[in-house]
Structure formats: structure tokens, C-alpha cells
Amino acid sequence: MPSPPSDCALLILAHGSTENPDSSQPSWELADALQTSGPFSKVYCAFWKEEPSFRQVWSMIEEREVYAVPNFISEGYFTRQVLPRELGLDGPTTEVGEHLVHYCDPVGIHPTMTKLLVQRARDLLPGDLTLSEVSLIIVGHGTNLNKQSTEAIKAQVAAISAWEEAGESFGEVLDAYMEEAPFVADWATLTRFPTVVVVPFFIADGLHSYQDIPVLLGLETNPTAAASQQEVFRRNPTSLQGRTVYYSSAIGTDPAMATVILDQVMAFNTTHLS
Amino acid sequence: MNLRDSLEGFLPPGSSVRFGELLLVRADTGPIMMCHSCDADRSDLVEICGAPALREFGKWSDAGEYRPLRTAPTLRGGWFVRCADFGELLDHLDAVYPGSVATTLRYLNGQLDPVPLRDTLDRQTGMYRFAGALSDHAANQLMRELCSPGCLRKIAWPIASSSPVARLRVHGSAIPLICTEACTFAVSEARRLAREAYDKANAPVEA
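For the record, the sequence lines run as chains C and R.
Counting from 1 along the first sequence, just add 106 to a position and that's the residue number in the working numbering.
Counting from 1 along the second sequence, just add 6 to a position and that's the residue number in the working numbering.
If we strip away everything but chain R, and leave its shape as in the complex, we get (with noise of 0.2 Å):
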């Protein structure tokens, strides 16, 4: 199934879809909107036009700061798009969470399986490859404190592969954002952690 048809059978004709921080809504006929979940009764929303600028738009949080991760519950409210098909709809998605749109249906429609995290950490090189020593303890502590108040996917990987976790699922009106790999920004603090607890293992005694 392509993406775009997977798209549509999450949205048929009269109804709407929370996605993220996303509202999807599609009427009987004419185009599908989309806005953010919390204005969904706002009457007020400046109209979008375009992926690229939607792009952009979703670059900066309110507080005028850079989103790296798109998929921080940071997305800024106030507008909305209108998608003439799911081709459009798709690309709008895009540009609201990178990459994140495809992960998630094709892991829903059991066309991608989870990388559990051992083997992510594992495979890194350089600067990262210090990210391979990190302990399970930690590796919670990451999902507890980074991942978990920091994106709004849901992860859907092991820690190892000896350990595998129940597949998500869609449950009523809302697609959940899924996880399958861990990001940048995870391998980052894998390293930082396994490298802090590397530091303290091997601090000189103090006399």
C-alpha cells in the first residue's frame, strides 16, 4: 500500500484525525484542512499556503527559538492549510515532522520493523562510538527523561533485541507519532551519559 492510500484510511470522508499536535479534517467534499489540534475552534487562523513555508513556519517555536526536532510538542498554533489530495496532504505532513509521516504508517501497516537501540548505539563511528557503552540503566534514564518529555513519538524499540516490546496501535481518533529508531538527538545523549558514568567510574581517589 502506498503511503498516500495508507494516508486516506486513516481519514475517510466525514471525519478528522488528531496527529501529533496536528488536526486533520476532512468533510464530505472539497479540500482537507489542517491546523493545530488546540485551534481546532478558532475562527481566526491565518491560511498557510505551501509546503516550504509550512516548512519554515514549523522551524521556530513561539518563543522565537530554532525546533531541531519538529516533533517537540512545541509546534506553534494560528494557521491553517488546505490540501486539495493526499498527495498534497502527505507533503504537508512532511513538512510539519520530517520523515516522521512514512515511519509511522509504514510501521502501522507492519511494513517496518523497530531497530532496537543496542543496535543503533553499536553501529555509531567517531565522536558516537562512545554511545556503544552505554548501560540499560541508562538507557532508560534517556527514554524517562530525554525522549519522553522532549518528543511526542512514541517509541516503539527495545533496548536490546533479546527484549522486544508489543507492537503500538492506533487507538480512537488519534495516530500515534512512532519511534522506531532512536534519533540524533538520543544518540547524542547515549554518548553524553555513557561518557559522564565512564568519567565517574574512573575519577582519581581522593587521599
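Next up, chain C with everything else stripped away, as it sits in the complex (with noise of 0.2 Å):
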């Protein structure tokens, strides 16, 4: 696959919010860490709840070329209207101002998130435990308002349900959502194992992963602090119903999720430039 030129611009796109302090983190840390050590020239972010706002980015980036990729989850509202709207965008590819903008795909679509979905849960999980043993859930949002906001994750659950390696796999891997069935409380009746580990498939550890999914799983009563704050995430396995259930915090607060963005950038070049 052909890389970027070394004096292109990288743009993190993310929601970040007004509320949670926790939202715009992942993005910051990716941006530092390919700062460091990516292809780029120089790494921005901008948000659409916080700042850098979409509307402000253009007026900081000084690189003639620019890969903009975005920090979400799936292909929707965000992806398609909010982001080529406030960012002058009108295809893959398109001048704005004095700027060449490559428009990625979102990072979750992507199949590299597959394997990190499962590395995450496999890291969660002691070294000799069975995986066929194993009940994997990965968690979404769900809204019975928009059909297509659970494609995303049965699209990763069906990827990692196919994938062929040689390793064990997991007994199951199911989808689950807060707002939509099947749902995330009703994990004891939905899996079948011992052992239930848990992966929210969100870009940050904002109010649905620390608060309202452990909330939905039995793990928290009345939680109240920020996701940085708690220790939800930090005092795995927990006995609940039974059963063993390991909590993972959200899939885009991984390191690699650095791999994915340049993942994204690669696979911009292959469809649209080589």
C-alpha cells in the first residue's frame, strides 16, 4: 500500500463533548502518539463539541495535503452530513481553500478492528483460560430511530465470528446494544458460558460506558464519576449471576487504534489515489 507523503497533514476528526472530560482523550493521545512516531508532517484534531471546532481546523493546518480521518465508530450522520458540511468537503477527495483534503473512512468500519476487538478481549482474560469457554459480547448504542446504527458492530461480530486463524476462538460472540434488542441487561439469558467478557465498541469512555452499560450489566448501582475517575474498569473479573464477567473500557481508548487511523489513510490511497 502506498504512504502518505511525509509533508502531508493527518486530521483526527472526533464529537468530544461539553460534558465529559473523558470524550476528546483518545483522540488527543492518538494524535500525540503519531506525532511522534507516524508518516505525517504534522498531526491536528478538531471536534465537533469541543475545540478545535470543524469550522476552525482549516485556519491552523499550514500542510498542502490532508488526510482527514474520522475518530467515529460507524458510517452514519456524523460521517456524512455533519463532518462534509462544516468541513467544506464534497468527496473522497476536495480543495478547500488552500488545502487537498483526502476524506477517510470512519476507523471503525475498518477491518483492523476486528483483530484489536478481539486482542482486547483476549487481554482482558487469563493466559489458561479456555476461550471456547468464553461468551464475548461486544456493545453498542442501538436506537430503534435509525436502523443502521447497529451495522457497524454486526458487521464486527460477524467478521470475528468468520475469522479463520489457528488459534482457540471464542465460544460465542454476540452483539448486544442499550437501546435496542437484543439488550445489554439481558447478557445472562443472551450468553451461554462461564465466563462473560465484555467490549463496548464506542470511540471514548464517556457516559454510556462507564456509567450506563456497567449500570446495565449489574457491575455498578449509581455510579457518578468521570470514566478516569472509576475503577470499573480496573477490578476485573467480577461474580455476577453466576457467572464471571470481565469489563473492558471502550475499544477506542486503545493504543492501537493508532495502527487504525494510518489503516485508514492506506486504504484511502489504495481505492482512491493509486
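Everything labelled a hint here was simulated from the structure, so no lab data went into it.
Be aware that a few hints might be false.
[What the hints assert, rightly or not] To give an idea of the chain R side of the interface with chain C (calculated C-beta under 8 Å), a few residues: (1) S21; (2) R24; (3) P74; (4) L118.
[Unchecked claim] Derived list of chain C stretches under chain R, where covered just means 3 residues or more per stretch with a C-beta under 8 Å from a C-beta of chain R: (5) 124-134; (6) 156-164; (7) 281-291.
We treat Cβ as the ideally placed atom computed from N, Cα and C, and that holds for glycine.
Take the two lone chains and join them into the complex the hints point to.
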């Protein structure tokens, strides 16, 4: 795959939050890591709900050529409407003022995410555990307002289930959601193995991964602090309803997400610039 | 002109300048120093090393509250950073005021024009579409009650393109942080005010 030229900039696009101090942290950490070790002249971040905003960021960027990668889990309203509108993009490559902008696919739909989800789940478990006796649940938001909202997770679950490899594989891989069936609150009846590992398919440890899902699982009753101040991710495993439950922080907080961002840039080059 | 050269133009050797709540000091030689403008005379400041550490520091107020709007007038003091050159200075300024430094410099150089509030509100979709119904009266209320007390940036945008405002300029040794387009906080508040006015106008008449 062709690499980006070293005089290009990388722009990481994320949601951010006016309420949750942990929301933008994964994007900043990825930017700092890729600035140090990546192939780009400079790495920038921009946010919908924090600053720099999508509208401000063009003033900051002095490189001519820019790869813009949405740090979003799925294709949808933000990647198809909000980001192109706010950034002034009208296709895969757009001239925006003095910039030549390559608009990549969101990180969540890249095949590398599949390996990352599996690795994340395996890293939580003791090495001597038999994986075929473990249920893996990938948890998303889900909403009855948008039938496409679960597509990315269903695709990842299908990919993990079909993943042929020499090593052991999980006993079962399931998708579950906060606000539509199958509900994560029903995890005990949805799964059939004694050990259950739960990985939230979110970019950041926002309200959902550190408050809502732990409560739905029964790990917490009344959490109040921000994710960075909480123990919910650090006290694995928990015994619940006769099972042993391991709970991961959001997949987007994994440092290996830097690889996914680079892979999306490479995939753009292969698809549009080769 | 690139941003580093532009910034250097405001801070020649042997000078100092205020930028928002920051004080930037450049001696004739040596690093460029940055601290809170209230701390100019303190000798007990703690050094913060690196833009990521400064970004994390700026995330929290003295009361330990999250500062999603970094241009709110609530930056903590008690620290300083030293920057070897204007590239480093730019990175550290961005850590304190993400995006606002470039916006300000581009605007002052005549490279960036303000976006009228109506243009910003009218392009909103989804739950923010309703913000487009904001009246001129409520827009002034928004600027007066939300922007003016809550943010250091000076508004450079007009409400409508038909009512342009004079361009802001630098006066003395302080560079004003400049707002060229309503931010997410202003759009959210515009939506709330528009919704409130709509609900009030359409409230059922009591018998």
C-alpha cells in the first residue's frame, strides 16, 4: 500500500463533549502518538463539541495535503452529513481553500478493528482460560430511530465469528445494545458460557461505557464520577449471576487505534489514489 | 505569512504581550516564557513541560470542574512554560486555546473573514435545525448573556451579512482573542432560546 507523503498532515475528527472530560482524550492521545511516530508532517484534532472545532481547524493547518480520518465507530449522520458540511467536503478528495483534503472512512469500519476487538478481549482474560468456554459481547448504543446504527457492530461480530485462525476462538460472539434488542441488560440469558467478556464498541469512555453499561450489566448501581476517576475498568473480574464477567473500557481508548487510523489512510490511498 | 512568523511579529525580542489570560515574554535572548497574566510578579511558579501536559492542565478549573470552553476566563495560574522557538510557542498556545490562536492570527492578517450568525444557524441540521428560528432580539441576548461574560473572545461576526461590523484591531500590548464564527455553545444556546420562544408563542391559552 502506498504511504502518505511526509509533508502531509493528518486530521483526526471526533465528537468531543461539553459534559464529559474523557471524550476527546483518546483522540488527543492518538494525535500525540502519531505526531511522534507517524509519517505525517503534523497531526491535528478537531471536534464537534470541543475546540478546535471542525470550522476552526483549517486556519491551523499549514500543510497543503491533508488526510482527514473520522474517529467515529460507524458511517452515519456525522460522517455523511455533519463532517462534510462543516469541513466543506464534497467527495473523497476536495480542494478546501489552500488545502487538498482526502476524506477517509471512519475507523470503526476498518477490518483492523476486528483484530483489535479480539485482542482487547483476550488481553483481559487470564492466559490459562479456555477461550471456547467464553462468551464475547460487543456492546453498542443502538436506537430504534435508526436501523443503520447497529450495522458496524453486526459486521464486526460476523467478522470475528468468521475469523479463521490457528489459535482458539471464543465459544460465542454476540452483539448487544443499550436501547434496542438484543439488550445488554439481558446478557445473562443471551450468553451460555461461564465466563463473559464485554467490550464496548465506543470511541471514548463516555457516559455509556462508564455509567450506563456497567449499570445495565449489574457491575455498578449508582456511578457518578468520570471514567478516569472510576474503578469499574480496573477490578476485573466480577462475579455476577453465577458467571465471571470481565468488562473492558471502550475500544477507542486502545493505543493500537493509531494503527487503525494509519490503515484507513492507506486504504484511502489504495482505493482513490492508486 | 505562516502562523509562526505572524506570531513573531507580535513579540519582537525584548517585549511582552498579553494574549487572552496569558502573558508571553521574550527576552533579547533565550526561551520565550509563558504564564498566566496574573502571575507576572510571582517567583514560585511551577514549570509545565510539554503541550500535552499543558492541555491537560487547562482542562480543569480551580474548583476541579471540567472546562470544555478553553477560552472561558477561568484558566488556573501558578505555572509557567518555556518555549525554545515560535513553533513550540504555537503548540503551547494551542494547548491553552485550541484553534483560537490560528483564528486570531489569520483574522488579524486579513486572511479570515467572520461568518454571520445567520449563516451558522441556517446550515444546522438535526436537533440544531431549530436554532435557525432565533430572533435578532434573542441573538443579542445570547451575545450579551452567554458570550460576553463567559468567553474571552471578542465577537467579530455580525448577526446577518447585511449588517457588517467593523474589523477588530490590536490595541497596545494585548492581542485580543477573536471569535470569527459562533461556537457550539452559542449554537446550543441559540437552539434553546428559539425553542423557548416558540413554546411561549404556542402555549395553550388558559381559559
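Hint check against the structure, violated hint numbers in rising order: 1, 2 and 7
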